[in-house]
Structures are given as structure tokens and as C-alpha cells.
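Participant: Listed here are the chains, written in short residue letters.
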Amino acid sequence: MSDINELMKAYGEAGGDRAVLENKEIAHLVASGHAVLSMNSVEGLEVDARETMTGISARVTVREGVKIKNPVHLCFGVLHKKGTQKIRMDVRLEKNASAHFIAHCIFPKAEKVRHIMDAEVEIGENAEMRYSETHYHGPYGGIEVIPKSVVKIGNNGRYFTDFTLTTGRVGRLGIDYTVEAGEHAVTELTARVFGHADDNIDIKEKVVLAGKDSRGIIKTRVAIEDDAVAEVTGITEGNAEGARGHVDCMEIVKDRAVAKAIPIVNVTHPLAKVTHEAAIGSVDKRQMETLMSHGLTPEEAVDVIVKGVLR
Amino acid sequence: MLDLKNLAFSAADKIILDDFSMTIQAPEVHALLGTNGTGKSTLAYVIMGCEGYRPSSGDILLNGRKINDLKIHERANLGITMAWQEPVRFEGISVRDYLTLKQKDEDPSLFLEMVGLSPELYLNRMVDKCLSGGERKRIELASILALHPKLAILDEPDSGIDMLSTQDIVNVISAFKNNGSSVLLITHREEIVLIADRASQICNGKIVCTGHPEKVAEYYKSRKCLICDGDVCTYV
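If you're matching them up, the sequences are chains P and H in order.
Start counting the first sequence at 1; every next residue gets the next number (our numbering).
Start counting the second sequence at 1001; every next residue gets the next number (our numbering).
No wet-lab data here; the hints were simulated from the structure.
Beta carbons are placed, not taken as given, at the ideal position from N, Cα and C, and that holds for glycine.
Hints are supplied without guarantee of correctness; some may be wrong.
Claimed, not checked - Restricting the straight-line Cα-Cα distance to at most 30 Å, the calculated cross-link-like pairs of lysine-lysine (DSBU-like) are:
{"hint": "1", "chain 1": "P", "residue 1": "Lys254", "chain 2": "H", "residue 2": "Lys1129"}
{"hint": "2", "chain 1": "P", "residue 1": "Lys260", "chain 2": "P", "residue 2": "Lys285"}
{"hint": "3", "chain 1": "H", "residue 1": "Lys1221", "chain 2": "P", "residue 2": "Lys285"}
{"hint": "4", "chain 1": "P", "residue 1": "Lys254", "chain 2": "H", "residue 2": "Lys1005"}
{"hint": "5", "chain 1": "H", "residue 1": "Lys1102", "chain 2": "P", "residue 2": "Lys285"}
Unchecked claim - If you anchor each label on the Cβ, the simulated ranges turn out as follows:
{"hint": "6", "chain 1": "H", "residue 1": "Pro1027", "chain 2": "P", "residue 2": "Thr275", "range": "46 to 52 Å"}
{"hint": "7", "chain 1": "P", "residue 1": "Lys273", "chain 2": "H", "residue 2": "Lys1066", "range": "56 to 62 Å"}
{"hint": "8", "chain 1": "P", "residue 1": "Lys254", "chain 2": "H", "residue 2": "Glu1214", "range": "51 to 57 Å"}
{"hint": "9", "chain 1": "P", "residue 1": "Lys254", "chain 2": "H", "residue 2": "Asp1019", "range": "25 to 31 Å"}
{"hint": "10", "chain 1": "P", "residue 1": "Ala279", "chain 2": "H", "residue 2": "Lys1177", "range": "38 to 44 Å"}
{"hint": "11", "chain 1": "H", "residue 1": "Gly1133", "chain 2": "P", "residue 2": "Glu6", "range": "49 to 55 Å"}
Stated by the list, open to error - Sample of chain P residues lacking proximity to chain H, with all beta carbon distances greater than 10 Å (derived):
{"hint": "12", "residue": "Glu125"}
{"hint": "13", "residue": "Ser132"}
{"hint": "14", "residue": "Asp227"}
{"hint": "15", "residue": "Ile235"}
{"hint": "16", "residue": "Val267"}
Isolated chain H, as found in the complex (with noise of 0.2 Å):
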């Protein structure tokens, strides 16, 4: 399905993603492990479409289409989007109509209630400073769900002082899944790996490992990193 063939992204004279390429098939769940500063969430704005995350080279294939040309809001047309890692605020747009941006006829209770949050406490809210950074996120997932996304991509829903559970990031999996959108989905938490269907290390911009998610987690929590030999990443 998504195809990221030799992908080469430099900010400030850094190489982060050095030759990068991954697979994520239709449908699967792919984690993808490193830990901080190892690319990950600028490879997700690079997958994206996010100004100034432009690959310096390589290809971007969506389905075999190249969409390295096109718009973030291009790219989420043609089914691929996004839940950052740290959502931002919107004041004045209640949750409802935040669900309902582009979907309006579905009814976001349903979207709300995936994600472990009563529609009657939150429809009528605001997604401004008013919510935690923990309900903030939840909303957030439940507004890529009511997108039925092709390739949805999850920046770290397990990070931040506000972090999901590990059974609440389960439950949001299985959404997407029953949704029929793959994932890709983002973290520095071996335990995380383990609700994927296949998982990736990422290591220096590079993919140092791919296949079954007890063998990744594994991989990175041994530090056998065949780029780096366990200097940069670290297990913590």
C-alpha cells in the first residue's frame, strides 16, 4: 500500500533519514520503534506532506502513485492521515464539529465512544486549552477514525505526561482495524510493538530491523543495532 523507497531528509545540515526505506502493507498494524531523535515523527511529516519536510530524494508511493508532490490535504484525500504526537488546540470548534469537518454525516458519538469517552460529557466541549493533554489525544485519534482512513499514521498516542494505556492504545488499534485501515503506529515502548501485526526499528534514520514484533522488541531492547552497535540506540 504505502512504499517509502530511499527516502533522504536533512534539516540543518543533520541527516535524518539516511536512505530509508519501509513497506506497510493492506491492511496491517506496522510499529515502528527508536528511540528519541532516531526520525521517527519526522518521517511521519514526511510521509505527511508537511511544509518543509520535502525528501531531499526517493520516492513516497501510495498504492504505486507517486505523491511526493502533493499537499497535506492531497495526501489526506487520498486516504492517509495523521494523530500527532502533542494535538493542538482549537479555540471557538466544539468537539462534535471537529469530528464532523469533513464527515458530516456520521454521528461522531460513535467515534467518541472507541476512544473511552462519553459522547455526553464531551460532544459540546471545546478542543481548546479546557481539555487535558490526555483527552486532547483521545479526541484526536477519534477524529482520524471518523475519516476511515486508508493508512492511518500515530505519532506516539503513548507518550507525554497525559499518555494512553497500553490496553486504551489496544483498544484504538482494533478500531482502526475494524475500520480496514492499516496503521503505522509510532513509539519508543517495546510493549506497544506487541499489538502490531509487524514492527520496524528505526536506528539513525535508518530501518535497522523489520518482522515479527517479539523479534523487533527483542532486537531493541538488546541493542544490537548492526548501524550504531548499541551507541545510539540506547534502551532505556
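With the rest of the complex left out, here is chain P (with noise of 0.2 Å):
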């Protein structure tokens, strides 16, 4: 089977529709390891994908104006048992665009691979930007994901970001995002992620509300079981005038798992305001009481719980 043809295969196992690539009105960038696979661009998008002798770079750029009518797919991986992928990213929508990604990211044999992410993204005035990642890494856990982004937003900018990771391990996951607000703009960081087995989870999320009346929100969902353990900290600063931002952590921690909540609140004008609210514990009594009175078994309500948290 041709790495396309099985990297397809994966995709569609891990959700993904392989219509899409197929569809000429759908950009799409798909890479292997170290290539470049499948490409495919629209009106007012550019992509300049290269391969690199460690991974792939690509400079995606939304012309002025430009609103991209289908999500643009992304599709990373590492068919084999072993291997490094370093990605660089680079995207830049400019003024008033606005485009849909959804990116999964397959490594569905992953013994010891290593998947490098740094990407830097630049939102341009009234532009908006949604950003989904779905991840699926395999049953062995033998995988290192380290996905790291600086964002800018431009005044009256919108971004919008939602990362799953809930099928399969996990193994080391080390998330480092920040995200910068211009004056009106509007960021929403949402990660959900659920480790198994010795997995490990580092998710660091930061929003700096650098602009008047920015808004921002991280909200993180994590569940863990085994002997898996989670450390998430999101971090906040007000900085200017009107600036309002939450951080919303929940973690739910079966068996011998450890979790760790890290809510960092850093106000430094007098008109702003960032709260944040941490939920770790077991998975609620009183929602399992009534679970169970519905007829379902203990163990059909944990799943219905952590489910809808992960959802």
C-alpha cells in the first residue's frame, strides 16, 4: 500500500472524511514524516509547503478579504513504528479573511515516534481564524507530541481553537500555546484530552488580553485513568482596559492517576477583570446517583460522564 493510500486508510480510521481530499474546492495539505503527499489550494488561500530534512514546512497565507467558503484540511502523521516529524508552520490571515482548519494528526503505529509542532500565526484586523486538531496516536503510547504556537491577533480579530485527543494513548503530550489580543478581539482555547495507561499530559496555555475590550477564554477537560497523570496550567493576563478572560479547568482522575491544575490569573490594568474556576476530583457522586437511577450501571456512568466533559 502507498504511504498515501495507507495514511488515508488511518485518516478515515481516526475520523476523517477522504472525500474531501478528493474535492477540488477543498484545500488540503497532507504529509508523511518527512513528505509532502498531497496538496491542493483554492482562490485567495496560498500554501508553500516544503519538505525539510526533518519534517515539513509550510507558509499558509488568506488573501484580504478572502473568506474561505470549506474548512481547509490538514492531515500530519508518521505511518511507521518509529520516526521524528518536525512541522513548521506559518499563517497569516490578513485583513478582514476568514478560514476554518481542521487538522488531524495520525501516527497509528507509534512505538517510539516524536511529532514537533511550532507553529506561529498571525490574525490581521477583523480577520477570524478556527483552528481544530484531532489527534489519534495509536494503542502503544510509545509517542512524543509537542505542539507549540505563538498567535497574534489583530484588533477586532477572532481565534478560536479546539484540540481532542480522546481516542487511544496519549503517551507524552506537552501542549505550549500562547495567544495574543489586540484591542475588541476574541480568543477561545479549548483542549480536551483523556490519558490512559503511564500516559503524560503538559498542557500550558496563556492568553494575554493586550487590547481594549479583549476577551479570551481557555477551558481545558481532561480525564485520566491508570497510573496516567495531567498537569494543566492556564495562565491570563489582563493588561488593558475593558479586558475580560476566564480560565475553566476541569479533570476528572480514575484509578491511580495524578492530576495537577495550574490557574494563573495576572492583572495589570485596574479596568480588567480574569477570573478562573479548577475542578479536579473523581467523577461527581451526586451525577452517578443519577445516572444510575436511570437504570445505568456504575460503569456505563462513568462513560456517559467523561464522555460528555470530553465532548
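Bring the two chains, given one by one in their own frames, into a single complex with the hints.
Facilitator: What follows is the structure, encoded as C-alpha cells:
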């Protein structure tokens, strides 16, 4: 089976829709290891992807005023048991542009794989970007994933990101996101991760509300079981008049798993306001009893609650 | 159908149910009337089998079968269920999913309509903190209706900031009756009792009066409790 067929098979199994990659009206970029396997662009979207010694380097630009109708699909993966993939992404949305990126990162056989993503994102004035990222790391846990991104949102810009890793093992995950919001800019960072066995989850997300009346939410949902560990750090800085931020972290712990949440709130302007909430614990007893009074077994009840939190 | 025989339950050295006996027939709507702190909700948790609510003595019999040792879900699968006084919220679970947790083939719209909610507006909403207290209570009642229980325990559906009106409760009770379910309706408002087939008054963890709802409501209002002589079952 060719690399692209194998990746597409894994992509389909991980929830991706293979048909979108054959549609010429939908932009996409597919890369396995250090190789670009497939690429398609649409009007107003420029993609310059190059193979490097260690992975892929891509520059994506959405031109001023262009609103990309269909989501842009990105698929990155390593199909072998061992290997390293470094992705360098520079994304720029010019003034009044908008685009939705759907990324699938697939490592179905990973036994000793490293995936390093280093992204810089610039969102122009009144532009909007949505980035939905779903990972599948396979059943073995032999993977290290380190996504790092620095995002700068211009005045009136909007940036929404959603990271999901709830199927299969996590391995070691080290998310490090920083977002700076300009005047009237809005951002929402969401991460959902389910860890098992000896998975190690480290999520650090920072929102700097630098512009007047900027808004930011960091929402993290983590469930861990067996001997997994998780540390979630949500940092929000309110540095301008009217800035409003919120950090919301929930972690459900089962078995011998250990969770830690560190919400950091830093306000330097008297008219800014940032709030936080963090809840760590086993599954809520009242929720359990309610579902059991509907006839669900304790195991079914836990499953419903955890899936709901991670949805 | 459900026989509660000589139940005793204490918490933190306080006697909450004291030689408590009561029978709910099939099918009937039986109202349990009492002021705050008389043991009404505790009784509901004891019947449902909640953790920490096992009676120290006495029997809970469902159609003659002793169910004291059964867990909540085992009792639920025998046909006992409960709408909680303050239903919990669930993140990421839609109303549609919540109403079909157990009854996958049922049309959830029907049950929302029975509690006065529009399926178009509610089916895709989440059972989370975005719902008001009243909306959440109605959805809990709809979820209980969807289970077609033999016995539904409704713990103070008329209480709280977003309480359901008497007419709302009449409608819900009618839906349970049409379903063939018996209802244990827990309340502290005597006007609610009048919609039941029979009623009982609880005071200090004991039944002090059982009979026709009007009679029990009058008894409740008159503060003629034989156990506490009106010192505890004060009419509010």
C-alpha cells in the first residue's frame, strides 16, 4: 500500500472524511513523515509547503478580505513505528479574511515517534481563524507530541482553537500555546484529552489580553485513568481597559492517576477582569447516582460522564 | 406495590426515619406531605438506595421482594426511579441523549411535550448550567417519564426559585398516570397534595396521618400532629 493510501486509511479510521481530499473546492495539505503527499489550494489561499531534512515547513496565507468557504484540511502523520516529524507552520490571515482549518494528526503505529509542531499565527484586523485539531496516537503510547504555537490577533480579530485527543493512547503530550489579543479581539482555546496507562499530559496555555476590551477563555477538559498524570496550566493576563478573561479547567481522575491544575491570573490594568475555576476529582457522586437511577450501571454512568466532559 | 416496613435511619446521631411504615399501591399517586427537615428527601434516597442511605433496620419490599441490598441501578431496572429536588447538570450531554440514555428507541420529543417544553427548542441543548432551574427540572421529569417506571419518586417538583406551577405538576402527574406509573409525590405544600389519590403526612420521621388528600391537608394545616403536638410540624 502506498504511503498516501495508508495515511488515508488511518485518516478515515481516525474520523477523517477521505472524500474531502478529492474535492477540488476544498484546500488540503497531507504530509507523512518528511514528505508532502498531497496538496490542493483554492482561490485566495496560498500554501507553500516544503520538505525539510526533519519534516515539513509550510507557509499558509489567506489574502485580504477572502473568506474561505470550505474548511481547509490538514493531515500530518508518521506511519512507521519509529521516527521524528517536525512541522514548521507560518499562518497569516490578512485583514478581513476568515478560514477554518481542520487538522488530523495521525500516528497509528507509534512505538517511538516524536512529532514536534512549531507554529506562528498572525491574524489580521477583523480576521477570523478557527483551528480544530484531532489527534490519534494509536494503542501503544510510544509517542511524544510537542505542539507549540504563538498567535497574535489584530484589532477586532477572532481566534478559536480546539484540540482533541480522546481516542487511543496519548503517550507524552506537551502543549504550549500563547495567544496575544489586540483591541476588541476575541479568543477561545479548548483542549480535551483522555489519558490512560502511563500517559503523561502537560498542557500550558496562555492568553495575553493586551488590547482594550479584548476577550479570552481557556477551557481545558482532561480525564485520566490507570497511572496517567496530567498537569494543566492556564494563564491569563489582563493588561488593558475592559479586558475580560476566564480560565476554566476540569479534570476527572480515576484509579491511580494524578492530576494537577495551575490557573494563573495576572491583571495589570485596574479596569481589566480575569476569573478562573478549576475542578479536579473523581466522577461526581450526584451525577453518578442520577444516571444510575435511570438504570445505568456504575461503569456505564462513568462512561457517559467522561464522554460528556470530553465532548 | 412498595411496602416500607418499620424503617429506621439515623445520620450523625440524629434519628431521621423512626419506625417508618408506608405502602404505595399500584397504580396510585401518593403524596407525602411534611415541613422541612422531617425526613422526606431522606426517605426518597433510602427507597432509591443512594450511598450512605441504607436503613439500619426495617424492610423495603417491591411487590413482596426485599430490595434493601440492591444498588441504585438494580432498583431502577426493577422499575423504581426518582426525579431529584435539585437535578444535577451534565456537561456535553444533550437533552436528546439524556432522554434516551436507557430507552434508545423512544422518541424523546413526546416526553418533552408532556412537560411543556418544545422539542425544537430543547432537544439539541445541553443538560448543563445554561438551563434554568425550572427547565432542568422539567427535563428531569421528562427523562423519568421516558423510563416508564413502575414507581416514580418526585422530590419536591414544586420547590426552588424556578418552581413548577400547580398546573404544571397536575399535567406531569397525568402523564405518569397515563403511563401506568405510580408516583410518590414529595411536597411541603398542602395544595399540591390535593392532586394525589392518597396522601400521608410525615413528622419527625414517622407517618402521622394517611388517607384522603383533603383530610391530610386539613390535618397538616391544623397543626394537630399527635407526635409533636404542633411543635415540629408547624404550618408555614
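Participant: That 56 to 62 Å hint for lysine 273 of chain P and lysine 1066 of chain H (C-beta), does it hold up?
Facilitator: holds (57 Å)
Participant: Assess, step by step, whether the Cα of lysine 260 of chain P is no farther than 30 Å from the Cα of lysine 285 of chain P, and give holds or violated.
Facilitator: holds (21 Å)
Participant: With the threshold set at 30 Å, check whether the alpha-carbon distance from lysine 1221 of chain H to lysine 285 of chain P stays at or below it.
Facilitator: violated (37 Å)
Participant: For isoleucine 235 of chain P, which was marked as not at the interface, is the minimum beta-carbon distance to chain H over 10 Å?
Facilitator: holds (23 Å)
Participant: Given the hint of 38 to 44 Å, check if alanine 279 of chain P and lysine 1177 of chain H actually sit that far apart at their C-beta atoms.
Facilitator: Hint holds: Cβ distance 40 Å, inside 38 to 44 Å.
Participant: Over 10 Å from every CB of chain H: does glutamate 125 of chain P meet that, or does the non-interface label fail?
Facilitator: holds (32 Å)
Participant: Given a hint of 49 to 55 Å, does the C-beta separation of glycine 1133 of chain H and glutamate 6 of chain P actually sit inside it?
Facilitator: holds (53 Å)
Participant: Is the hinted range of 25 to 31 Å satisfied by the C-beta distance from lysine 254 of chain P to aspartate 1019 of chain H?
Facilitator: violated (41 Å)
Participant: Determine whether the non-interface label on valine 267 of chain P survives the test: each CB of chain H must be over 10 Å from its CB.
Facilitator: holds (25 Å)
Participant: Is the hinted pair lysine 254 of chain P and lysine 1129 of chain H satisfied, with a Cα-Cα distance of at most 30 Å?
Facilitator: Within the cut-off at roughly 24 Å; holds.
Participant: Taking the CB of lysine 254 of chain P and the CB of glutamate 1214 of chain H, does the distance hold inside 51 to 57 Å?
Facilitator: holds (52 Å)
Participant: For the pair supplied as a hint, lysine 1102 of chain H and lysine 285 of chain P, is the alpha-carbon distance within the 30 Å limit?
Facilitator: holds (19 Å)
The structure fails hints 3, 4, 9 (numbered hints given earlier, in ascending order).
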